[in-house]
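Could you build the full structure based on these sequences and the hints that come with them?
Here are the chains, one letter per residue:
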Amino acid sequence: MQDPLIIAGKTYASRLLVGTGKYKDFEETRDAIEASGAEIVTVAIRRTNIGQDPKEPSLLDFLPPSQFTYLPNTAGCYTAEDAIRTLRLARELLDGHSLVKLEVLGDKHTLFPDMPETLKAAEVLVKDGFDVMVYCSDDPIQAKRLEEVGCCAVMPLASIIGSGMGILNPWNLRLIIDSARVPVLVDAGVGTASDAAIAMELGCDAVLMNSAISHAQNPVLMASAMKKAVQAGREAFLAGRMPRKLYSAQPSSPTTGMIGAAGAQSTLEAA
Amino acid sequence: MNRVHFNGRPYTLPAQMSVRQVLERLGMHGKRVAVERNGMVVPKARHDEVVVGDGDRLEVIVAVGGG
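Protein chains in written order, with our numbering: chain A, 1058 to 1328; chain B, 590 to 656.
Take the hints with a grain of salt, since some may be wrong.
As the list claims (entries may be wrong) - Derived pair list, reagent style DSS-like, types lysine-lysine, alpha-carbon separation capped at 25 angstroms:
| # | chain 1 | residue 1 | chain 2 | residue 2 |
| --- | --- | --- | --- | --- |
| 1 | B | LYS620 | A | LYS1081 |
| 2 | A | LYS1079 | B | LYS620 |
| 3 | A | LYS1184 | B | LYS633 |
What the hints contain is simulated information worked out from the structure, not anything from laboratory work.
Next comes the structure, spelled out in structure tokens:
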């Protein structure tokens, strides 16, 4: 595998991670995720409904755990305690699976993460044997703390969850990327393909998204666009972009041999 | 009476029963679910032996779509 993504010692070919929420139905979920090429898919953990038809299909029937790496999340948790409980149940649900996405929210309107609670939960979960990919603010100091307590990936927001506002603070992301010794993923805020490409060009190891695909007019086509954008952004990052030179414009074509230039012999005169 | 809290709601069981029997009663046995009793995960291997009785708080969860 060329240029694999490595998370908690496992290698992945795709640098796009996708959520499974807010699709029209399970068929659309499956088709979009197939088009995205993602290998890691996030899932939420929720109570069952009493009286639900036991024969009703479940998400896991459409996205078999044999084919995808499940990343159970703690979406909707506002305390470290709730997040820890949720992920312990997720580990039981997924037969001891240890890779998880931790998010502890601090505000219902912005869904901004509560960093002190996030850090508290991360410490407990790492000690409990979880491989913790952690959603965080785009604060380089907080990201470093999370890395230091043993998180296997840090996932700063690009803008707030579900906003589609894109990369609002590329310079903070760069500071996080430059100092991180674990993979950095943009999680939240991507709105369209160019946002994903920018995240990857900045040097992110991968991008995690849900709404940008599921809320597109055509989710399956957007999933395909995101796959290409992440690949293009990664290649551009590896290739190394040319320097920005605002005032030293240099043409790409030769500057000599122009017709009509001083010193050039007229072919008409020679004849 | 065996009044329990099932996923945060009051629920009455006809008798004390094992976690497995509760799941069978709810049509969830054999489905991919995870169970917590009074804040502690009940591993699948212990569904037969762990008994649910009066005052217990039971949570039964599944994986759903999410981001």
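Checked hints:
1. LYS620(B) with LYS1081(A): 24 angstroms, holds
2. LYS1079(A) with LYS620(B): 23 angstroms, holds
3. LYS1184(A) with LYS633(B): 23 angstroms, holds
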